[in-house]
Amino acid sequence: MRNFSRNFLRLLEVGTFLAVMNGTVAHAQYGASPSQTSLFFDDLRNRSIQTAPAGAGVRGGEAEYDYDRGVYTGTSEDRDMGERMTSAQARAAQREMGQPTVRSGSAAFAARSAGDYTNYSGQYSAPNTFFAPTYVSDPYLQGRRNLRLGGVNVGFGLYGGVEYNDNVTRAHEDPQSDIIGTLMLNIDANYQVTKNNRLTLTTAIGVDHYFNHPDLSPYGNDLVLNVLPGSALAFDMKIGPVFVVLYDRVSVRPAVRNEFALSSNQIFGVFQNDAGMAAMWAINSDLSLSINYMHSNAIAMEDQFAIFDRNTDSVHGTLAWSPDHTWTLGLEGGVTFTTYPEGFNNDGTLLNAGLFFSTPIGNSTFLRIGAGYQSFSFDAPPEIKVSESDVLAADRTVTQYGNLIANLTQRRDDLARSGGDTTSLDRQIEKAVADQVTAQTIAGQRRTSRENALNANTQDANDLDDYYYNVTVSNQLNARVSQVLSFGHESSLNNISNFITADYVTYGVGYAAWRGGIVSASGYFEDAKMSGGRQAEDLTQYGMDVYVSHQLNSRIRLGAGYHWGQTDSSVQNIEYWRSIDPSLPSRDFTQQAFSFDISYALSRKFNIGLGYRYFMTDADSDLNDFDQSRIIFAGTYNF
Numbered sequence: 001m002r003n004f005s006r007n008f009l010r011l012l013e014v015g016t017f018l019a020v021m022n023g024t025v026a027h028a029q030y031g032a033s034p035s036q037t038s039l040f041f042d043d044l045r046n047r048s049i050q051t052a053p054a055g056a057g058v059r060g061g062e063a064e065y066d067y068d069r070g071v072y073t074g075t076s077e078d079r080d081m082g083e084r085m086t087s088a089q090a091r092a093a094q095r096e097m098g099q100p101t102v103r104s105g106s107a108a109f110a111a112r113s114a115g116d117y118t119n120y121s122g123q124y125s126a127p128n129t130f131f132a133p134t135y136v137s138d139p140y141l142q143g144r145r146n147l148r149l150g151g152v153n154v155g156f157g158l159y160g161g162v163e164y165n166d167n168v169t170r171a172h173e174d175p176q177s178d179i180i181g182t183l184m185l186n187i188d189a190n191y192q193v194t195k196n197n198r199l200t201l202t203t204a205i206g207v208d209h210y211f212n213h214p215d216l217s218p219y220g221n222d223l224v225l226n227v228l229p230g231s232a233l234a235f236d237m238k239i240g241p242v243f244v245v246l247y248d249r250v251s252v253r254p255a256v257r258n259e260f261a262l263s264s265n266q267i268f269g270v271f272q273n274d275a276g277m278a279a280m281w282a283i284n285s286d287l288s289l290s291i292n293y294m295h296s297n298a299i300a301m302e303d304q305f306a307i308f309d310r311n312t313d314s315v316h317g318t319l320a321w322s323p324d325h326t327w328t329l330g331l332e333g334g335v336t337f338t339t340y341p342e343g344f345n346n347d348g349t350l351l352n353a354g355l356f357f358s359t360p361i362g363n364s365t366f367l368r369i370g371a372g373y374q375s376f377s378f379d380a381p382p383e384i385k386v387s388e389s390d391v392l393a394a395d396r397t398v399t400q401y402g403n404l405i406a407n408l409t410q411r412r413d414d415l416a417r418s419g420g421d422t423t424s425l426d427r428q429i430e431k432a433v434a435d436q437v438t439a440q441t442i443a444g445q446r447r448t449s450r451e452n453a454l455n456a457n458t459q460d461a462n463d464l465d466d467y468y469y470n471v472t473v474s475n476q477l478n479a480r481v482s483q484v485l486s487f488g489h490e491s492s493l494n495n496i497s498n499f500i501t502a503d504y505v506t507y508g509v510g511y512a513a514w515r516g517g518i519v520s521a522s523g524y525f526e527d528a529k530m531s532g533g534r535q536a537e538d539l540t541q542y543g544m545d546v547y548v549s550h551q552l553n554s555r556i557r558l559g560a561g562y563h564w565g566q567t568d569s570s571v572q573n574i575e576y577w578r579s580i581d582p583s584l585p586s587r588d589f590t591q592q593a594f595s596f597d598i599s600y601a602l603s604r605k606f607n608i609g610l611g612y613r614y615f616m617t618d619a620d621s622d623l624n625d626f627d628q629s630r631i632i633f634a635g636t637y638n639f
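Numbering (this note's numbering), first residue to last: 1 to 639.
Just so you know, the hints here were simulated from the structure itself, not pulled from any lab data.
Quick caveat, the model's predicted, so the values are computed rather than measured.
Note that CB positions come from ideal geometry on N, CA and C, so glycine has one too.
Incorrect hints may appear among the rest.
With beta-carbon atoms standing in for the labels, derived distance ranges [what the hints assert, rightly or not]:
#1 Asp622 x Ala560: 39 to 45 Å
#2 Leu558 x Ser177: 23 to 29 Å
#3 Glu388 x Pro214: 43 to 49 Å
#4 Arg396 x Arg417: 50 to 56 Å
#5 Ser177 x Asn273: 33 to 39 Å
#6 Ser449 x Asp166: 41 to 47 Å
#7 Leu216 x Asp622: 18 to 24 Å
#8 Leu558 x Leu216: 28 to 34 Å
The calculated SDA-like cross-link candidates involving lysine to any residue, where the alpha carbons are at most 20 Å apart (straight line), are [said to hold, decoys possible]:
#9 Lys195 x Ile49
#10 Lys238 x Leu183
#11 Lys605 x Ile187
#12 Lys529 x Tyr468
#13 Lys431 x Ala453
#14 Lys605 x Leu552
#15 Lys529 x Thr540
#16 Lys431 x Ala406
#17 Lys195 x Gly150
#18 Lys529 x Asp463
#19 Lys238 x Leu199
#20 Lys195 x Ser48
#21 Lys195 x Leu149
#22 Lys385 x Phe344
#23 Lys385 x Gly343
#24 Lys529 x Tyr542
#25 Lys195 x Asp166
#26 Lys529 x His489
#27 Lys195 x Tyr247
#28 Lys605 x Leu183
#29 Lys238 x Ile283
#30 Lys385 x Ala443
#31 Lys431 x Thr399
#32 Lys605 x Thr540
#33 Lys529 x Tyr467
#34 Lys529 x Tyr373
#35 Lys238 x Asp248
#36 Lys195 x Gly240
#37 Lys431 x Arg396
Using the sequences plus the hints, can you model the full thing?
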C-alpha cells in the first residue's frame, strides 16, 4: 500500500513533527486494550461538544506553529482548561520515519498492536480520531468546506504521487524495482439535517498501481484499493440530554501477520468494518455516562490469509465525574466477544475494568492515568486426535520391521551359503517388507495428520488474568517546546497467539529552534511477550527518531530525518522455528533510515514535493539483510 506516500505528502505540506506529540497513548486495539478503548470515549466526548464538524479530525487542544512569530500558538491561554495539546505538525507528520508501511523498508512495528486492524501498528500514536482518516489533503481546513451542494458542505482534496522503489520486496538478493503510482481522493462532508442532527462523511480513498510488477503489490494486482483507517459515515443526534452517534467505519489496507516484518510475505490486505452506536448521557452537570456497542468484521483480501479473519462484538462504557470541570475521575470497563471463522486463532471473551483520572497540572501540563484488571478467556485449541506418542509408536513399528528384515536377510544369506533351502525365509522377508511399507504409510499418515492439525491452530491454550495501567503526560514547556511521555503495561489480541502482553515507553519533544525551524526527537521502548503457541516469540524493541524541518519562506519547506531501531527476538519454540527458518535462533536486527524532503506551494491550493528515503536493515542472519531506496514526487490539490 502507499501509506508512505500519503504520509510523505503530509510531510511536504506542513512539515514534520512527532505523532507521539499529540498527547495520546500508544496503539493497541479497541475492545481489547484499555488504552485504545479509552481514546474512543475521549473522541466521543469531544465530538459531542463540537459546534462545528470535525474537519481534519485531530484530537483537540491544538498547538499550531506560527511561522511569522516562530512559536507555537494555542498555548494555555488559548484553550479550555483540561483540553489536551497536540500540534498541527503532529497531525501532518504521522511520525513517518518511525511509521512502518508496506512499501517502506521500515520494520518498526509495535508488537502490542500487530493484531490491530483499525490503525497502523507503529510505535507512536496516530494523531487522528476514531472518526477521521489518517490522511487529509489539507490539514488546515479546520471544518471549513470548499463546496456547498444544496445543504451539504463538502471538502475535496486530490493527491497524486509517483514513486520509484529499488527493492519492493525488501530482498537480500536480486531486488525487484518498480514505479508505483498513487491517486487518492479525500472527502470531508457534512449535512446538518436539523439543529441537533448531523450526517458526516470523512474518507480518503484511492488506488495504487505497480507499473512493472503488478504481481508484487500487497494485494489487488493491477489496482490496489486503499480506504484509509478512520473513513467513516456517521449520524449524530441529540435526544434530550443524550448525545448519540451511529457510525460505520471502513478501511481497506495492509496488515502484518506478526510484528517481525522483515519478509514481504508476512503482509496481507485486510478489509475492516466497524459498525456501532455510541451514546453519552449527561446525568447532571458533574456526572456523565458513555456507552458504545460495536460490531467489527476483519476479512483478509487473499484466501491464503483467511486464517486471520476475525469478528468481534463489544460493549464498553465509562462513568466520569468532573465536579469542577477541570479534573475527571471515572470508571471504565467492558466486554468483547471475539470469534475466528477459520479456527486458526481461538475464540475468546475479553473483560476489563478499572479507574481513570485526568487532570491539568498548572496551565501547561496535562496528566491522564488509567489502571485496572484484564481477564481474557479463550476456547481450548481443537483436540489433536493423533498424539505424538501415536506418531512415535508408528515410527517404532517401522523400525521394528526394519530390524526384522535385516535379521531375516542375515539368516537367509547364512542358509544360502550352507546350501540350505531359503524358500521359507524368502516368503517371510517378502511379507515383512510388505508389512513395513504398510507401516511406513501409516506412520506418514499419522505424522501428516498431526502436523496439519497442529498448523491449523496456534495451539495456544493460555488465558490471562493481569493488571493494566497507562500513563500519559503532555507538557507545553513554553511557546517553543512541547513534549509528551507515555508508558504502560497491558495486553491485547495477537495474530499468532491468543494475546500479547507488553510494557512500553514512548517520549517525544518538539522544539521551535529558530524562525521557520522545528527540531523534533522521540524514542520508544517495548518489551512484549506472546502468550504461547507454536509460533510464539518474545520481542524487545527500542529506537529513536529525529526530524529537522525548515520553512525557508511562505512557499518552500525543507526537511531531513533519521531513524534507528533495534529488535531483539527470543522464540519460545525453537524446534518449530528451526523447521521453517534454519537461520534461527538469530532473528535480531538493527535498522537505520534517512529521509530528505523539499516541498513547494505553487498556490494556496496546490502543493508539490520531492522526497528521498533510504532504509538499511542489518540482521543477525545475512539472509534478512536488505537496503531500500525510494524517490517520491507528489502533489496535492484542494478544490
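Status of the hints after comparison with the structure:
1. Distance hint check: the CB atoms of Asp622 and Ala560 are about 30 Å apart, inconsistent with the given range 39 to 45 Å.
2. Between Leu558 and Ser177 the CB atoms are about 27 Å apart, so this pair conforms to the stated range of 23 to 29 Å.
3. Checked against the hint of 43 to 49 Å, the pair Glu388 and Pro214 passes, with Cβ atoms roughly 44 Å apart.
4. Between Arg396 and Arg417, the C-beta spacing of about 32 Å breaks the proposed range 50 to 56 Å.
5. A hinted range of 33 to 39 Å for the beta carbons of Ser177 and Asn273 is consistent with their spacing of about 35 Å.
6. In this structure the hint that Ser449 and Asp166 lie 41 to 47 Å apart at CB holds, the actual value being about 45 Å.
7. Checked against the given bound of 18 to 24 Å, the beta carbons of Leu216 and Asp622, roughly 23 Å apart, stay inside it.
8. As the Cβ distance of Leu558 to Leu216 is approximately 32 Å, the hint placing it in 28 to 34 Å holds.
9. Straight-line distance between C-alpha atoms of Lys195 and Ile49 comes to about 14 Å, which keeps the hinted pair within the 20 Å bound.
10. A C-alpha spacing of about 37 Å is found between Lys238 and Leu183, which places the hinted pair above 20 Å, so the restraint is violated.
11. Taking the CA atoms of Lys605 and Ile187, the gap is about 15 Å. The hint holds against a cut of 20 Å.
12. With a C-alpha separation of about 15 Å, the suggested pair Lys529 and Tyr468 falls inside the 20 Å cut-off, and the hint holds.
13. Distance check on the hinted pair: Lys431 and Ala453 sit about 33 Å apart at the alpha-carbon level, beyond 20 Å; violated.
14. Annotation: proposed proximity of Lys605 to Leu552 holds, straight-line Cα distance about 19 Å (limit 20 Å).
15. Taking the CA atoms of Lys529 and Thr540, the gap is about 9 Å. The hint holds against a cut of 20 Å.
16. Restraint check for Lys431 and Ala406: satisfied, since their Cα atoms lie roughly 13 Å apart, inside the 20 Å limit.
17. Proposed proximity of Lys195 and Gly150 is supported: the alpha carbons are some 16 Å apart, at most 20 Å.
18. Between Lys529 and Asp463 the alpha-carbon distance is near 14 Å, which keeps this suggested pair within the 20 Å criterion.
19. The hinted pair formed by Lys238 and Leu199 meets the criterion: a straight-line CA distance of about 12 Å does not exceed 20 Å.
20. Of the supplied pair hints, the one linking Lys195 and Ser48 holds, its CA atoms being roughly 13 Å apart against a limit of 20 Å.
21. The hinted pair formed by Lys195 and Leu149 meets the criterion: a straight-line CA distance of about 19 Å does not exceed 20 Å.
22. The straight-line distance between the Cα atoms of Lys385 and Phe344 is roughly 17 Å, inside the 20 Å bound, and the hint therefore holds.
23. With a CA separation close to 16 Å, the supplied pair Lys385 and Gly343 stays within the 20 Å bound.
24. Of the supplied pair hints, the one linking Lys529 and Tyr542 holds, its CA atoms being roughly 15 Å apart against a limit of 20 Å.
25. Note on Lys195 and Asp166: the hinted pairing is violated, with a Cα-Cα distance of about 54 Å set against a maximum of 20 Å.
26. The straight-line distance between the Cα atoms of Lys529 and His489 is roughly 11 Å, inside the 20 Å bound, and the hint therefore holds.
27. Of the pairs offered as hints, the one joining Lys195 and Tyr247 holds, with about 19 Å between alpha carbons and a cut-off of 20 Å not exceeded.
28. Taking the CA atoms of Lys605 and Leu183, the gap is about 17 Å. The hint holds against a cut of 20 Å.
29. This hinted pair checks out: Lys238 and Ile283 have alpha carbons roughly 14 Å apart, not beyond 20 Å.
30. At most 20 Å may separate the alpha-carbon atoms for a hinted pair to count; Lys385 and Ala443 meet this at roughly 14 Å.
31. Restraint check: the Cα-Cα separation between Lys431 and Thr399 comes to about 15 Å, which is no more than 20 Å; the hinted pair holds.
32. Between Lys605 and Thr540, the direct Cα distance comes to roughly 44 Å. Violation of the 20 Å bound is thereby established for this hinted pair.
33. For a cut-off of 20 Å, the pair hint linking Lys529 to Tyr467 stands: about 15 Å separates their Cα positions.
34. Between Lys529 and Tyr373 the CA atoms are separated by roughly 18 Å; this keeps the pair inside 20 Å, and the hint holds.
35. Between the alpha carbons of Lys238 and Asp248 the distance comes to roughly 18 Å, so the proposed pair stays at or under 20 Å and holds.
36. Taking the CA atoms of Lys195 and Gly240, the gap is about 13 Å. The hint holds against a cut of 20 Å.
37. Between Lys431 and Arg396 the CA atoms are separated by roughly 18 Å; this keeps the pair inside 20 Å, and the hint holds.
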